[in-house]
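Quick mapping for you: the protein sequence lines, in order, are chains A and B. For the first sequence, UniProt numbering assigns the number 1 to the initial residue and increments by one for each residue that follows. For the second sequence, UniProt numbering assigns the number 1 to the initial residue and increments by one for each residue that follows.
These aren't lab readings, by the way, just hints derived from the structure by calculation. Among the clues, some could well be false.
[Said to hold, decoys possible] Just the calculated beta-carbon pair ranges, DEER-fashion:
| id | chain 1 | residue 1 | chain 2 | residue 2 | range |
| --- | --- | --- | --- | --- | --- |
| 1 | A | 38 | B | 279 | 40 to 46 Å |
| 2 | B | 113 | A | 319 | 53 to 59 Å |
| 3 | B | 274 | A | 129 | 31 to 37 Å |
[Unchecked claim] When the alpha-carbon atoms are kept at most 25 Å apart in a straight line, the in silico DSS-like pairs for lysine-lysine are as follows:
| id | chain 1 | residue 1 | chain 2 | residue 2 |
| --- | --- | --- | --- | --- |
| 4 | B | 202 | A | 107 |
| 5 | A | 153 | A | 7 |
| 6 | B | 202 | A | 151 |
| 7 | A | 346 | A | 320 |
| 8 | A | 151 | A | 178 |
| 9 | A | 7 | A | 203 |
| 10 | A | 110 | B | 202 |
| 11 | B | 110 | B | 179 |
| 12 | A | 153 | A | 113 |
| 13 | B | 202 | A | 113 |
| 14 | A | 203 | A | 178 |
| 15 | B | 279 | B | 179 |
In this text, a Cβ means the ideal position worked out from N, Cα and C, and glycines have one as well.
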Amino acid sequence: MAGISLKGLRKSYGTAHVIKGVDIEIEEGEFCVFVGPSGCGKSTLLRMIAGLEDISGGDLTIDAKRVNDLPPSERGVAMVFQSYAIFPHMTVRENVAFGLTIAGASKEEKEAKVAEAARILQMEHLLDRRPSQLSGGQRQRVAIGRAIVRKPKVFLFDEPLSNLDAALRMDMRMEIGKLHHQLGATMIYVTHDQVEAMTLADKIVVLKEGRVMQIGAPMELYHNPANLFVAGFLGAPSMNFLEVTVQGVTGDKALVSSPVLAPIEVSAKRGPFAPGARAILGLRPQYLSVAEGGQLSGKVALTERLGSETVLDIETADGKSLVAALAQDAVFPIGTPVTLRFDAEKAHLFQPEETASQPH
Amino acid sequence: MAMIASDNHGLRLVTRYAVLVLIAVIFIFPLVFMLMSSLKPDQQLLQDSGSLRAFLPVGDISLQNYTKAFERAPVLTFVFNSLLVTGVTVVLSLVLCSMAGFAFVFVDWKGRGVLLSVLLATLIVPFETIAIPMLLLASKLPWVGMEGLSYGWLNTYRVQIVPFIADGLTVFLFVQYFKDLPGELIEAARVEGASWWQIYRKIVMPLSGPILATAAILKFLTMYNQYLWPLMVTQEEGYRPVMVGLQYFFQLNVAWGEVMAYLSLITVPVLAFYLYLQKAFIASIASTGVKG
Numbered sequence: 001m002a003g004i005s006l007k008g009l010r011k012s013y014g015t016a017h018v019i020k021g022v023d024i025e026i027e028e029g030e031f032c033v034f035v036g037p038s039g040c041g042k043s044t045l046l047r048m049i050a051g052l053e054d055i056s057g058g059d060l061t062i063d064a065k066r067v068n069d070l071p072p073s074e075r076g077v078a079m080v081f082q083s084y085a086i087f088p089h090m091t092v093r094e095n096v097a098f099g100l101t102i103a104g105a106s107k108e109e110k111e112a113k114v115a116e117a118a119r120i121l122q123m124e125h126l127l128d129r130r131p132s133q134l135s136g137g138q139r140q141r142v143a144i145g146r147a148i149v150r151k152p153k154v155f156l157f158d159e160p161l162s163n164l165d166a167a168l169r170m171d172m173r174m175e176i177g178k179l180h181h182q183l184g185a186t187m188i189y190v191t192h193d194q195v196e197a198m199t200l201a202d203k204i205v206v207l208k209e210g211r212v213m214q215i216g217a218p219m220e221l222y223h224n225p226a227n228l229f230v231a232g233f234l235g236a237p238s239m240n241f242l243e244v245t246v247q248g249v250t251g252d253k254a255l256v257s258s259p260v261l262a263p264i265e266v267s268a269k270r271g272p273f274a275p276g277a278r279a280i281l282g283l284r285p286q287y288l289s290v291a292e293g294g295q296l297s298g299k300v301a302l303t304e305r306l307g308s309e310t311v312l313d314i315e316t317a318d319g320k321s322l323v324a325a326l327a328q329d330a331v332f333p334i335g336t337p338v339t340l341r342f343d344a345e346k347a348h349l350f351q352p353e354e355t356a357s358q359p360h
Numbered sequence: 001m002a003m004i005a006s007d008n009h010g011l012r013l014v015t016r017y018a019v020l021v022l023i024a025v026i027f028i029f030p031l032v033f034m035l036m037s038s039l040k041p042d043q044q045l046l047q048d049s050g051s052l053r054a055f056l057p058v059g060d061i062s063l064q065n066y067t068k069a070f071e072r073a074p075v076l077t078f079v080f081n082s083l084l085v086t087g088v089t090v091v092l093s094l095v096l097c098s099m100a101g102f103a104f105v106f107v108d109w110k111g112r113g114v115l116l117s118v119l120l121a122t123l124i125v126p127f128e129t130i131a132i133p134m135l136l137l138a139s140k141l142p143w144v145g146m147e148g149l150s151y152g153w154l155n156t157y158r159v160q161i162v163p164f165i166a167d168g169l170t171v172f173l174f175v176q177y178f179k180d181l182p183g184e185l186i187e188a189a190r191v192e193g194a195s196w197w198q199i200y201r202k203i204v205m206p207l208s209g210p211i212l213a214t215a216a217i218l219k220f221l222t223m224y225n226q227y228l229w230p231l232m233v234t235q236e237e238g239y240r241p242v243m244v245g246l247q248y249f250f251q252l253n254v255a256w257g258e259v260m261a262y263l264s265l266i267t268v269p270v271l272a273f274y275l276y277l278q279k280a281f282i283a284s285i286a287s288t289g290v291k292g
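Go ahead and model the full structure; you've got the sequences and the hints to work with.
Written out as structure tokens, the structure is:
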């Protein structure tokens, strides 16, 4: 196990800069998730850590050793790929033992370690099968088995669940979580799925266009997003954004209003905000409730009943859309006028143009 | 409606089979003609050639042409030489060209794009244009053998093998096939600590059955059919291959029955080799779209 440090890491392909100076510290035994939309550079960053992509600038250290120029095999990492990347001409046993075979391990050692990995992943009965005889979930287990058998310092997962169906994805997600607790190893996990990020991570790194937008624990990012991008990216349904005007500022509070929102005082810690300036008010759908005399009003445009939750799409008087997620099953016919209440403490006020938390 | 659909389907099937049978006949009949003619005396052979009898084992059938063919030329020596030269070239070519293809596709090095283009450009150079310079070169090349250093490769097996081990087409076939292999397999092996040699040997080669078969068949046919080069570089009977041996049957009076017997004999190894690799060859053509 080992800590990992990325300092000013950069990657360029000719004149195209895909990783633009990234600083991340990952503690020993931590489960760190890189999350972001397609093309944000999360997989490239992971591949740079693995040694599959050259590093154009900056320093990468694993276990306090600079590994920029070391080949993948000398970095002490194991990687699980999105496509599983298990060798089709080998049995499961041979696949899992591949790294040990390459390292010249004895037959007894291989047998013992493969049996141990198979026990952890509950795939003892699959060992003599070929990959073509396995389901997607089983193949992913084999890929994970191949990774854990060598006891690497660091596990790297590149969107490992993307090719699985929804039900299997949830099962495997839980298994990966358990595996982390069981092994206590440092893991880096790349995904575009915020549910995977929120449920698995000790630490989330949100990336956009090759830059870090915010780093923190899942709940920290959820409750205290540093900027509009992170606020909009994490949480489902996505956070509502209302354009508001700052009426006045007192200490770390600001009084804001809009044509559809009566003046309300909210936290202004992402300031400075000047009176009269434009700002964005972020409201999580889960913190909006339908109640008499709420601060916002509109008509129900769509209702999605999920049993445990009801998602309302509400059209405000100025034609904007607001989403409210009510923690109950409720019936709201389309066109029903409703007023929405929210706790000002749970509202986030953002600068209209703010972006990264790390200046570069 | 169902009846019409079924009738249409039946008609399509009949048409398809009719076309396939026709094509099969076109390809098989010359072979049948060769085999049948090899069993007939010259006079009958010429008489039959104008009718369907040419394809039937009728009349004065015997193996006499085969006996005469063996008397006229050292057939077994020619077949042995051809099989030796072809076999060694095929094996070395598969090893060397697959390694070259591997380096072009999987290993990142400067100038590989340019070098691959140059290699492909060699495909458009006809062998005849470089035959004379190659002959001059071969006649002066040094060799260290049992008797020490000597010069000149003429009248050897190696002069028929070495120039044909590496060629642009075979490398290109491997390059195209390797490009279609999932890159993540190679990356996974690299992360697991495999060296390039181990990746080549344990991952890439075991997955390359179809292209190995294709390259082997194409190389086998090219080498087995070699005529011009062995004719130029071998003056001694002991090193000559089957195609050069064909000359022996066209000196003075041509005995067509013996020619057909000789051709039948030298066709057997080709057919046997093709049938042995046929399945993999067809699979490769079907999967990569490479035409043989």
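| request: Take a quick look at whether residue 202 of chain B and residue 151 of chain A sit within 25 Å of each other, Cα to Cα. | output: At roughly 22 Å apart (the allowed maximum being 25 Å), residue 151 of chain A and residue 202 of chain B satisfy the hint.
| CA of residue 279 of chain B to CA of residue 179 of chain B, is that 25 Å or under? | holds (22 Å)
| query | Between residue 38 of chain A and residue 279 of chain B, does the C-beta distance stay in 40 to 46 Å? | reply | holds (41 Å)
| For the pair residue 113 of chain B and residue 319 of chain A, does the Cβ-Cβ distance stay inside 53 to 59 Å? | Since residue 113 of chain B and residue 319 of chain A have Cβ atoms about 55 Å apart, the given range 53 to 59 Å holds.
| field | Pairwise hint evaluation, residue 320 of chain A against residue 346 of chain A, where the allowed Cα distance is 25 Å at most | value | The given pair, whose Cα atoms are some 21 Å apart, holds under the 25 Å limit.
| request: Sort out whether residue 178 of chain A lies within 25 Å of residue 151 of chain A, counting only the CA atoms. | output: holds (16 Å)
| request: Using the beta carbons of residue 274 of chain B and residue 129 of chain A, state whether their distance is inside 31 to 37 Å or not. | output: holds (34 Å)
| message | Checking one constraint from the list: CA of residue 110 of chain B to CA of residue 179 of chain B, max 25 Å. Satisfied? | response | Holds. Residue 110 of chain B to residue 179 of chain B sits at ~18 Å (cutoff 25 Å).
| message | Checking one constraint from the list: CA of residue 153 of chain A to CA of residue 7 of chain A, max 25 Å. Satisfied? | response | holds (19 Å)
| Between residue 202 of chain B and residue 113 of chain A, does the CA-CA distance stay at or below 25 Å? | Roughly 21 Å separates the two Cα atoms, so the pair holds.
| query | Does residue 107 of chain A lie within 25 Å of residue 202 of chain B when you go C-alpha to C-alpha? | reply | With a Cα-Cα distance of about 18 Å, the restraint between residue 202 of chain B and residue 107 of chain A holds, given a limit of 25 Å.
| message | Can you confirm whether the C-alpha distance between residue 7 of chain A and residue 203 of chain A stays at or below 25 Å? | response | holds (17 Å)
Comparing the model with each earlier hint shows no violations; every hint is respected.
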